[in-house]
Amino acid sequence: MRPKQSFRRRGDTRRNTLRTMALSAGALSGAGLPAGALSVGFGNGWLPALANHAAHAGTIDAERSVANRVVLLWLNGGPATIDLWDLKPRHANGGPFREIMTRTPGTRISEHLPQLARWSEQMAIIRSLSSKEGDHSRAGHLTRRGYVPQAGIDFPDLGALVTNELYPPDELLPGYVCIAAPRSGFSSNGFLGPKCAPMRVGQGARSAADLVVPNLVAGPNAAVNDAESLALLERMNRQFVDRHPSEIATRYSAATQKAIAAMTPEAAGAFDLSEEPEKTRRRYGEGLFGQGCLLARRLLERDVCFVEVTLDGWDTHSDNFNRVKELSLRLDTAFSALLEDLQHRGLLSSTLVICMGEFGRTPKINPNSGRDHWPGVWSAVVAGGQLGRGQLIGESSHDGTAVETQPYAAADLIATVCRGVGIDPMKQNDSNVGRPIRIADPSAKLIDGLL
Amino acid sequence: MTSLGLSRASLIRWVLFQAVAVMHAMSPSSAQSLASTDAALRTARQIDQLVFHTSDESHSPSCDASTFHRRVHLDAVGRIASASVAREYARSDSPATRRIVIDRLVESAACGERTAQLLREMWFPQTSVPPHRYLIADTERWIAEQLIGGRPLNEVARELIAVPYAGYERSAEIREHAEASEGRSAVPRVLIASNQYQAARMAANVTGDFLGIDLSCAQCHDHPFQRWTQDEFWATAAFFQRLDARRVEEAETSRTPFASIQIPETQRVVQAALFTGRSVHFEKTPPQGPDAGRQWFASWVAGCENPFFARQTVSKFWHALIGEPLVASSASPAASIDPSVAANVLDRLSDAFVEQQFDHRFLLRCILSTRVYQLSSQHRGDSTGMRGQLRELDGEQLFDSLRVASGEGVLRNDLDTNDELHQRSLLCERLQVDRSHPSRTIGQSLMFLNGEVAEAFCDAEQNATVRALAEARFMSEQECVAALYWSVLNRSVRPDEIDALRQAGLLVEDPPTRADRYARVFWVLVNTTEFNTNY
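If you read the protein sequences in the order shown, they are chains A and B.
The letter at position 168 of the first sequence is residue 178 when you use our numbering, and the numbering goes up by one with no holes.
The letter at position 21 of the second sequence is residue 32 when you use our numbering, and the numbering goes up by one with no holes.
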């Protein structure tokens with residue numbers, strides 16, 4: 011059953027509806043349609059002008075807040091972006107991979123990403139990210155949370171930050187879902203509390219069959235399937251809250267009810283990939299990552315506002331090229347399927363897709379045909395959400411070792427993504443150490459050309 | 012019935028209880044604890060007098076026996092009582108028996124372990140989050156060892172702050188120190204490791220968490236709202252700066268053996284100086300060595316002249332046990348006690364804590380014995396008067412209480428397998444609470460409803476309590492269900508609850524289905540908000 015469109019986000023207003031329509035018209039204009047099509051009704055007619063007027067009659071945030079969903083495709087291990095998005099074929103550091111053209115003049119990417127090459131007009135490739143963190147844990151912390159680890163501060167990652175700002179707390183599904191994380195503690199709500207905690211699907215999974223929410227489905231004889239027991243529990247909790255009226259008692263009782271509701275077919279069905287046609291499942295690729303991206307699409311349709319899908323295996327200290335080739339195939343299939351599917355369902359303009367890892371890899375190839383950690387310069391991709399429009403932002407040096415132009419930090423990307431979904435990156439949240447902490451590092455700057 | 016109107020059984024129980032108390036009191040080793048108990052009770056009365064003298068006490072009812080005993084068990088030893096103990100305490104409840112219960116719990120090794128957890132969270136909050144969680148086990152184990160051995164809290168703090176770096180242990184001074192403390196575990200280097208060997212971080216940690224003085228905002232600039240300056244922060248950090256070999260040699264002939272430190276991104280160099288403005292003085296010879304500054308600062312923290320350590324410790328213990336702070340801060344909401352009364356309570360309790368030589372057992376006895384602690388958290392219809400605060404249970408309290416409720420003993424480091432201990436550790440980590448955002452994630456709730464908790468503790472075959480009751484054919488259905496309530500909730504089952512259980516088909520005369528039905532009742536009870544909170 012296809013879920014009905016939800017207009018819950020920011021209590022849908024006439025302004026939002028008209029803005030979405032205008033921007034959809036803009037998207038159509040960039041999708042390679044014949045020029046003549048633009049003059050009929052949508053492209054040059056009165057509707058976009060009216061919608062734009064309404065859309066811009068407001069705050070800066072209203073102007074920026076196009077997307078309201080985010081997908082993070084997390085390439086775990088530090089992907090060799092020099093072999094994905096920023097190849098150096100005329101240098102010894104380039105390795106055996108060739109570049110291919112994309113739909114965007116001047117933009118070339120790896121030959122092993124042919125499907126994504128057709129989506130270049132919906133993507134922005136940032137080739138000048140840089141940091142000083144070459145350790146997986148510290149770099150992951152910096153890239154996902156925008157801050158280096160600081161003693162005692164439990165920083166939330168981007169998913170929790172976005173959920174905290176955008177997602178109503180009383181929804182049936184959690185606002186933040188983390189798919190196929192390689193281990194526990196990978197994603198975190200930090201000091202933002204349980205309402206922003208990620209629901210973990212398939213943590214440590216080895217195959218698509220493992221893409222399940224732990225404990226969500228009960229066996230036939232489980233206590234949670236017994237209506238009498240549930241009624242008894244609900245009665246006891248209600249009486250307890252009556253006797254001990256307090257925020258804690260109310261929240262705990264509500265948390266139990268919410269978990270019970272999450273086990274109902276309506277909610278649990280969101281995670282059931284068997285509802286998808288075989289053709290769709292094959293289009294995404296039947297491996298863990300592909301099916302994880304398909305699950306992400308299902309959740310986005312149900313207004314989950316941040317979904318993260320991990321593709322592990324990018325820590326290619328040896329045999330880099332064979333492994334990256336294989337991983338590229340999976341990435342290319344699933345990422346392009348996701349973009350296509352989102353566009354087909356009218357969700358691409360409202361969904362920001364980020365594709366990145368914790369750092370890049372050494373331009374110089376080591377004796378094991380591998381590449382080692384290299385935070386000095388690396389790339390990330392942003393697609394959809396009206397931010398991806400075929401841009402190439404920043405350059406690396408001819409040998410791929412350093413940033414040449416437009417250097418950016420992880421915090422800059424986080425700040426820009428936040429602005430892209432209408433969040434003020436300088437907003438402060440109370441931290442677990444009593445100090446207010448801004449969503450993005452105060453030194454963060456917006457990425458030119460992305461917004 | 013005896014002439015006193017008591018049943019024979021009740022009278023026998025009361026006599027036995029009093030006999031145990033007398034034997035305990037006559038034991039030579041308990042003389043010190045008796046003195047501490049007396050002092051604690053005196054101070055508790057003074058606290059109550061301060062808190063309640065301006066309010067009408069009839070509007071602030073105390074909690075009932077079952078609630079008190081459950082609450083004090085969870086706070087003192089980190090788990091509920093067994094069914095038999097809970098039932099016994101409820102039957103023989105009186106002010107005197109409550110005092111005996113408090114004494115017994117506070118003197119126990121389990122209390123030392125529970126307090127060690129509290130102190131670790133209090134002193135090194137950074138170890139509760141990655142990447143420093145690996146330091147938790149050793150830190151808590153060492154602190155518990157000191158507390159069970161009766162070491163004063165200020166001395167425990169001093170050792171943790173002054174802990175040497177690894178290389179320094181080879182020096183003669185440290186060898187002597189090690190011999191003097193033969194038989195004790197090595198002091199964990201949690202201060203150094205969790206602050207990444209950085210002087211500024213160690214300074215912020217010690218002043219903020221041991222003393223309650225937040226200098227950290229002045230690290231980069233003069234504090235925007237409080238009086239602390241950037242120079243004062245870095246002068247404090249200078250105590251934690253390690254001296255290199257050349258500086259150590261110079262310091263031996265210098266009047267100021269401590270490091271100076273250059274404030275980052277400036278040309279200013281500051282000498283080590285107390286943020287109180289008082290001058291640094293040495294009783295005998297100045298301390299020497301690369302960590303002389305930190306060792307001196309540690310001694311100052313632990314000294315009686317410094318009022319901050321006692322006040323911070325009292326404030327944190329009060330918050331942990333009462334559920335609200337004595338002093339409001341940016342991290343804690345305002346207390347329900349009048350601020351001027353709270354200030355007086357803090358003064359009185361801090362002075363008493365110092366007088367009792369920083370004895371943690373005195374502090375626990377005192378707070379647990381107050382009427383403030385024993386207030387009911389129930390709403391009684393009128394809105395006036397103070398009320399006890401509901402608190403979440405942390406992962407350790409939940410796990411250990413589940414073990415007790417299901418008839419298993421609490422896991423012990425010296426008896427149980429590494430596998431079992433590791434499982435406990437994993438489950439506790441997943442059930443961790445965020446006290447600034449009291450609630451539970453969907454995943455945590457699912458663990459109880461349909462996951463690891465339900466599987467491990469609510470299975471009819473694996474739950475010893477359920478198995479025993481199912482096989483106790485000499486007990487009626489109602490008696491068995493009552494026993495379940497005592498086991499899990501540490502209270503008697505109410506008549507309306509009996510009716511509800513009957514309506515749910517869980518209280519029927521059907522022996523073959525006892526195990527399944529009792530397992531189901533157990534599942535309901537451990538999923539209640541009542542079980543999962545400390546009220």
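Hints were generated in silico from the structure; no laboratory data involved.
We put the CB at the ideal spot given by N, CA and C, even for glycine.
Please note that a few of the clues may not be correct.
Stated by the list, open to error - Coverage of chain A stretches by chain B, computed from C-beta distances (three or more under 8 Å per stretch; other residues unrestricted):
#: 1; stretch: 259–269
#: 2; stretch: 381–392
#: 3; stretch: 439–448
Stated by the list, open to error - Residues on chain A that point at chain B, a partial pick, calculated with CB under 7 Å:
#: 4; residue: 182
#: 5; residue: 228
#: 6; residue: 230
#: 7; residue: 237
#: 8; residue: 244
#: 9; residue: 256
#: 10; residue: 272
#: 11; residue: 283
#: 12; residue: 284
#: 13; residue: 285
Stated by the list, open to error - Okay, the calculated beta carbon distance ranges per label pair:
#: 14; chain 1: A; residue 1: 453; chain 2: B; residue 2: 120; range: 44 to 52 Å
#: 15; chain 1: B; residue 1: 52; chain 2: A; residue 2: 182; range: 22 to 30 Å
#: 16; chain 1: A; residue 1: 377; chain 2: B; residue 2: 423; range: 23 to 31 Å
A quick look at each hint next to the structure:
Residues of the stretch 259–269 of chain A with a Cβ under 8 Å from some Cβ of chain B number 9, which satisfies the need for three, so the listed coverage holds. Remark: the stretch 381–392 of chain A is not confirmed as covered by chain B, as 0 of its residues place a Cβ nearer than 8 Å to a Cβ of that chain, below the required three. Counting residues of the stretch 439–448 of chain A whose beta-carbon sits less than 8 Å from any beta-carbon of chain B gives 5, enough to reach three: the coverage restraint holds. Because the smallest distance between the Cβ of residue 182 of chain A and any Cβ of chain B comes to about 10 Å, over 7 Å, the interface hint for this residue is violated.
The criterion of a C-beta within 7 Å of any C-beta in chain B is met by residue 228 of chain A, whose closest approach is roughly 5 Å, and the hint holds. A distance limit of 7 Å between C-beta atoms decides the matter here; for residue 230 of chain A the minimum to chain B is near 12 Å, and the interface restraint is violated. Among the interface hints, the one on residue 237 of chain A is violated; its C-beta lies about 9 Å from the nearest C-beta in chain B, farther than the 7 Å criterion. With a least beta-carbon distance of about 10 Å to chain B, the hint placing residue 244 of chain A at the interface is violated under the 7 Å criterion.
For residue 256 of chain A, the shortest C-beta to C-beta distance to chain B is roughly 4 Å, which falls under 7 Å, so the interface hint holds. Taking 7 Å as the C-beta cut-off, the interface hint given for residue 272 of chain A holds, the closest approach to chain B being about 6 Å. A distance limit of 7 Å between C-beta atoms decides the matter here; for residue 283 of chain A the minimum to chain B is near 20 Å, and the interface restraint is violated. The restraint placing residue 284 of chain A at the interface with chain B is violated, with a minimum CB-CB distance near 20 Å, outside the 7 Å limit.
Against a cut-off of 7 Å between C-beta atoms, the interface hint on residue 285 of chain A is violated, since the closest Cβ of chain B lies about 21 Å away. Remark: the range hint 44 to 52 Å for residue 453 of chain A to residue 120 of chain B is upheld by a beta-carbon distance near 50 Å. Distance hint check: the CB atoms of residue 52 of chain B and residue 182 of chain A are about 53 Å apart, inconsistent with the given range 22 to 30 Å. For residue 377 of chain A and residue 423 of chain B, the hinted distance range of 23 to 31 Å is not satisfied, since their beta carbons lie about 51 Å from each other.
Figure legend: structure checked against the earlier numbered hints; hints not met, in rising order: 2, 4, 6, 7, 8, 11, 12, 13, 15, 16.
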